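The listed protein sequences correspond, in order, to chains Y and C.
Numbered per our numbering, the first sequence spans residues 1 to 157.
Numbered per our numbering, the second sequence spans residues 1 to 87.
Some hints here could point you the wrong way.
[Claimed, not checked] Derived SDA-like pairs: lysine to any residue, alpha-carbon spacing no greater than 25 Å straight-line: (1) C:K56 to Y:L41; (2) Y:K48 to C:G61; (3) Y:K82 to Y:S97; (4) C:K56 to Y:L21; (5) C:K32 to C:Y47; (6) Y:K82 to C:G61; (7) C:K68 to Y:H62; (8) Y:K80 to Y:R64; (9) C:K68 to Y:L79; (10) Y:K82 to C:Q35; (11) C:K70 to C:D48; (12) Y:K80 to C:F7; (13) Y:K25 to C:K68; (14) Y:K80 to C:P23; (15) Y:K80 to C:T2; (16) Y:K82 to C:L43.
[Stated by the list, open to error] Residues of chain Y clear of chain C, computed beta-carbon distances all greater than 12 Å: (17) Y10; (18) R11; (19) E14; (20) S23.
Don't read these hints as lab results, they were simulated from the structure.
Just so we're clear, the structure is a prediction, and the values are computed from it rather than from any experiment.
A virtual CB, placed ideally from N, CA and C, is assigned to each residue, including glycine.
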Amino acid sequence: MVRTHTLVEYRLKEYELEQALRSLKAQQEGLDYKLDVEFYLRLEALAKDFGYSFRQVYDLLHARHSGETSRADVHADELKAKTNTGVLEMIQRLEQSPRSAPPGSVNSPQNSQRHSAQRLNEPLVSTLGQPHQDEPALVSNAEGGEQEHRIEEKVND
Amino acid sequence: MTNVEEFIALSNRIALEYEAITPLLRDPEVVKAAQFLGELDKLAHQYDFSSMDIMKLIDPGRALECEKNKSEKASKPQRKNKRAARQ
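Chain Y extracted, bound-state conformation (with noise of 0.2 Å):
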């Protein structure tokens, strides 16, 4: 009956070890490594800009990469900065106008002729959103919701 030997197991795990270790020091020389480094740093720096520990980081992250979309994650990647983007937009457009009314429905030309401006470089999102903000009819119930895409197509008709 044979014996293990861990001694030598041990030995040959060490010399893969070693192995792997001088293949990534090889790899660090190379400029993607750098880059990553650079990103990393950079990343750090914003994230401490921000107040935002790495662990929240990772969790604005996974909130927004888990939500609904599960395939094509490079799109949707894409998209989803696209979305932020627009977000922002709407961010900044409801700094410009004042608290009580939602942007849109002020009158003032000086508003509109803003707001048609920012319109033609639009996300998705908030160009189909900007009708409606005439309209003070629309309330942003779900349940409602039916009910009024049958009377807008109708004035739509």
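Given chain Y, work out where chain C should sit, using these hints.
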């Protein structure tokens, strides 16, 4: 349903969702997160990083686990087409 009708129906739905998101956008916490994600997206694009890559960079253990769970879920697809259901 013609394309135009479908477009109008979807547009109306988006308008409702737009209304719902507006009050949230006044929350400073939300604003901060959106701004952060915007900056992060820019940076990630510049360095060719996907969200998953960043998650792996930050916490490899958690990211791998998450990816595993996801692929398990994806292997049994049970998503019905919402658009079809509306008709």
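Hints, verified against the model:
no., hint, result
1, C:K56 to Y:L41, "holds (15 Å)"
2, Y:K48 to C:G61, "holds (22 Å)"
3, Y:K82 to Y:S97, "holds (23 Å)"
4, C:K56 to Y:L21, "holds (20 Å)"
5, C:K32 to C:Y47, "holds (23 Å)"
6, Y:K82 to C:G61, "violated (28 Å)"
7, C:K68 to Y:H62, "holds (14 Å)"
8, Y:K80 to Y:R64, "holds (8 Å)"
9, C:K68 to Y:L79, "holds (23 Å)"
10, Y:K82 to C:Q35, "holds (13 Å)"
11, C:K70 to C:D48, "holds (22 Å)"
12, Y:K80 to C:F7, "holds (21 Å)"
13, Y:K25 to C:K68, "violated (29 Å)"
14, Y:K80 to C:P23, "holds (20 Å)"
15, Y:K80 to C:T2, "violated (28 Å)"
16, Y:K82 to C:L43, "holds (14 Å)"
17, Y10, "holds (25 Å)"
18, R11, "holds (28 Å)"
19, E14, "holds (23 Å)"
20, S23, "holds (18 Å)"
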